[in-house]
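Mind docking these for me? Both chains are given alone in their own frames, and the hints should help you get the complex.
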Amino acid sequence: MAASNRPLFRKILVANRGEIAVRVIRAAHELGIATVAVFSEVDRKSLHVRYADEAIDLGPPEPSRSYLDQGKILEAAKAVGADAIHPGYGFLSENEDFAAACRAASVVFIGPSPEVIAGMGDKIRARATMKAAGVPIVPGQDGIQRETLLASAKAVGYPLMLKASAGGGGKGIRAVREESELVSAFERAQGEAMTAFGDGTVYLERLIERPHHIEIQIFGDRHGNYVHLFERECSVQRRHQKIIEESPSPFMTEALRASMGKAAVDAARAMKYEGAGTVEFLVDDRRNFYFLEVNTRLQVEHPVTEMVTGIDLVREQIRVAAGLPLSFRQSDLAQKGHAIEARICAEDPDQGFVPSIGFIRDLALPGGPGIRLDSALATGLEVSLYYDSLLAKLIAWGRDREEAMVRLRQALAEFKIADLKSNIAYLGRVLRNSEFVSGVYDTGLLTRMPTPNPDESLLHAAAVAAVLAHHGHDRATLAPSAGQSAATSDPWKLDGRRRGLRGGA
Amino acid sequence: MKYVVSIGERLVNIEVRDQMEGRLVVLVDGQAYDASMVRAGGQSLWSLLLDRAAYEVSVVGPPEQTSVNLRGREIALAVESEQTRNARLLEGGAGKRGPATIKSVMPGRVVKVLVQPGDQVVSGQPLIILEAMKMENEIRSSSAGTVASVFVKDGQTVVNGDPLVALK
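Chains as they are written, first to last, in this note's numbering: chain A, 604 to 1108; chain B, 3 to 170.
Isolated chain B (complex conformation) (with noise of 0.2 angstroms):
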């Protein structure tokens, strides 16, 4: 299986071979390794073999948002089948993704709406301030993009999930 891995900007092409044997060979960008993985703990907790290279890994989250912990490092990713990119690319046009909605991550207060419908806003930029905890939390821009639409008024109350602001 071919696999396509972006991590920011950069893109880590990745194909596993499963060999005879038991044997598991995976080939980053063409390079060769020999790969095991098998599990440390629950659901979350991998320790993987690159070569003789070892690593105490955890994987959280779904294929499109995968968070990976290694070495102290935390590495945020996302992980597609080449199948599913390729068709994904052919039907949206070149990496094109549908608009994006930032949701609560937490339940609180609107204190305030920063942007309105037809704002430009860069990746980072805070959108909405959210009372939670009895702190004053920046709810920030996942990407870059218009403001297509404000979910919610200044006063209003949330709960986790709830959609907050639409960007296209």
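Okay, chain A solo, but in the shape it has when bound (with noise of 0.2 angstroms):
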């Protein structure tokens, strides 16, 4: 604990946007620290810069003049007197060149070493520390060319996965399974993680078939402890991003368990880790596990984490990043229950989820008895195309996997967001799929996923919806009262009770 009552940090620049940009303010709120937040000009009404103590305008809506502009954003630091900036997840919480140049700048970056990130930013360097710290990974080649892509590709073995060794959110992967499709998926692989990391360099894996994707969080101080915080399950995903994660994975076992969190712990203290991270893992059929990637980062998907374990990891890294000791120990540390979040996306399920973009003219959010809502939603918010299409996080927690799934499916029935496409009602449809109530499933699961069959008496009410809204707004149309604008008059004539109440007054 600190000895005084002094706040960590005078007051911390939250460069980023969206949820996570909320939730970083609250914590931060929460441990007396006043809060700056950045926005782009689209961003304007959005929640992070109305819960912030001071908010400052970044301009253009490109990611590359705004959230990621480094300049603009040590310069706003400096001009309100920020002692720390955190960067979120995304934008600027993996680049190596931002945290030196906060260092340089004397402000705190909350976040690991420009070393660290430089040195696990590289999946091709991470690897190589990995392996050299005793944590298995998954046998693969390095130093693709196009002339030798083939013989590296007979080397590994098909099938085969590309990947962009800077990549990250499933930007530069490409899964090959025979021979016949490998320049192609290469090409692509490398033109993807051109255009989007400005580095065409790939690596070839061999594929683990079915596997499951489990990831344990890890924290270390500047006092030299390393801890871990369990694993998360992160298997269903779609095009390599994660959609449902759970905490503990229905997959793992006591013994399972103790090895990868040792192999995560020696990870931490093989790279002097400082903050919260994540090693993610690859678990075979037959539980082997593979190390994957480090990310040097808070994640997403950190809240399930929060629910099991009852550990802020916010609070922590802000800590942390002030110079304290972690505030428990391994033994200190345990799963309580289980965590299942969802990740509310705009986007099209049925159109391959490409994103959807619009306003958000109406909203019913979801609450209940063990129901966490990490969130940038808002009626009168514009969805653009700019930025991720992750809108809000609803995490449920219960006594075991049975009651927090439940809840989850309970509150996204409950939640609705209109006039924008979601995924609401397909994470709904995974939450009642009988692979993923069984709880054995892997990362092929929304690939096997059955097309649903709605009850009758649903597509009868919806139905009957859809004919009342719009036959109620024909008319309104057709017949207009005189002098009333389309925004203070109620289309909706049919209800009769109003009706009398109207014509009386």
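Keep in mind that a hint or two might mislead.
Claimed, not checked - Straight-line Cα separation of at most 35 angstroms, DSBU-like style, residue types lysine-lysine; simulated pairs:
(1) B:Lys170 with A:Lys757
(2) A:Lys614 with A:Lys939
(3) B:Lys170 with B:Lys155
(4) B:Lys105 with A:Lys648
(5) B:Lys170 with B:Lys105
Claimed, not checked - Label pairs and their in silico Cβ distance ranges:
(6) A:Gly983 with B:Met3: 31 to 37 angstroms
(7) A:Asp660 with B:Thr159: 25 to 31 angstroms
(8) A:Val786 with B:Ala78: 26 to 32 angstroms
(9) A:Arg1035 with B:Ala150: 37 to 43 angstroms
In short, the hints are calculated from the structure, not lab data. Positions of the beta carbon are idealized from the N, C-alpha and C atoms, including for glycine.
Right under this line is the structure:
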């Protein structure tokens, strides 16, 4: 604990937007630290701007000219006298140049050192570090050239994965089942990596068939303490991006948890890791695990760990960045109950998950015991194509997996966003899918999911609702009442009691 | 008023009877319900009672392309008055609609055109790979048919609403 009541920092600038900026602002305020939001012009109305103590306009919406503009953000920090910057996830969170620039400007970057970020951001170097620390890695080959591509692929063996060395977020990744697919997959992966990261270097890894994607949350401080906060199961993925995460993993055994936890802590120690991080592993069906990558930042899915351990990870990040030792030891930690997170995204599951855009005109938010909503949603907000499609994270906690599942299902049924296409109903389908419910699932789950067949009574209700909504609207447009604007008139003229009241007024 | 609601291949006949004393009776494929629907928010959120069954419902989109969300399910449907439907059927033959045009739902860059005029496509088949937000997205066919024309080339930039492919 701090010896005095002085806050850990004077002021934290949050170099992010959306739900994660809101999350960080909350944690900072709870610690008595003032906050500064930054925003691009399309985010002027956003929640993070409304919740912060101060806010600075970064200008144009393009990320490169706003949330990724290191100069502008450091300048903003200087102008407001911020002594720390929290990068959230995405944007500058894993950018070693930015972490170094913060250091040079004497502003604390809340995250690991630039050296650690650089070492883990380069996936090829990260694999070498882990191998040296005794952490198992997926068999593979790097230094892939177009000329030697065929030979390298043969050496690794099919099926295999092509991955961008600078990769992340599912970009620059291609699965190759046979030699005939190799060249075009290589070109696509390289092209995508070049566009996304400005670096077209790719490497090959053997494809682990029907793998589980399980990650371990780690934490370290500058006093040599390293712990893990157990696992998160992240196998529900579409296009290599996670949409549902849970902890504990239904696939986990005590023995596997102990050995993966130990490997993760060994990795943290080998890196001299400071702050929150995640070691991602692939686990095959015989429970062999292989190092995948280290995410040197707070993960999107960090709330499931918070729900089962009771630890506020963002609060702990801030404390550790201020130089305090970890507030808990490994022996203090335990998993209590079960938590599942669903990522609410602006996208169309029927159109291959293409991002959707539009205005949020109506919102029905869920609640109830064990329900947590980390959200950037508000009525009147416009969702643009400039940024990630993640709108909110809905997390349910229960004493066991079954209770967490039924709570999440109920919360998803209550959750409505209009007029924006979202994946809420799709997430509900996953939560009802027998494979997911059984807990025996892998990363192929979504590709095997059958199309839904709603009850007859629901189809009827939907048909009636659509007719009545449009029917009422038709009447209003056909016969508008004189002098009433569209905004103030209720086009719904069929509800007798209300009509009676209005008539009497 | 009588309506026909299409949900995929399924047709549901709805008749709305605006009764006196503010009562509203709805017939769903001939079965009568007492109905009440009131706004529960801005423009899209409603509370619906069918006899005693209660639903919170969001209704989004124009009648011909409506998305209804209730009890965690999302149902895509089209509403047509019986009158309009009959007129359309008389004009265009049995249930035939005009050529479908697949439009871009986002600004982006065409990475690859996967079809050419004359190709037979099935519903859900990828037609074009469009790059937006640094991701490559597959634009898929909304129905089965033959490709009549392709409006874009590899490398071309498109904005929201630009026609990509026409089917016949």
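Consistency of the hints with the structure:
1. Of the pairs offered as hints, the one joining Lys170 of chain B and Lys757 of chain A is violated, with about 45 angstroms between alpha carbons and a cut-off of 35 angstroms exceeded.
2. A distance of roughly 34 angstroms separates the Cα atoms of Lys614 of chain A and Lys939 of chain A; the hinted pair therefore holds under the 35 angstroms criterion.
3. Proposed proximity of Lys170 of chain B and Lys155 of chain B is supported: the alpha carbons are some 20 angstroms apart, at most 35 angstroms.
4. Distance hint between Lys105 of chain B and Lys648 of chain A is fulfilled; the C-alpha atoms sit about 30 angstroms from each other, no more than 35 angstroms.
5. For the proposed pair Lys170 of chain B and Lys105 of chain B, the alpha carbon gap of about 15 angstroms is at most 35 angstroms, so the pair holds.
6. The hinted window of 31 to 37 angstroms between Gly983 of chain A and Met3 of chain B holds, with their beta carbons roughly 34 angstroms apart.
7. Asp660 of chain A and Thr159 of chain B have their C-beta atoms about 28 angstroms apart, which keeps the hinted 25 to 31 angstroms range intact.
8. For the hinted restraint 26 to 32 angstroms between Val786 of chain A and Ala78 of chain B, the CB-CB distance of approximately 39 angstroms leaves it violated.
9. Distance hint check: the CB atoms of Arg1035 of chain A and Ala150 of chain B are about 39 angstroms apart, consistent with the given range 37 to 43 angstroms.
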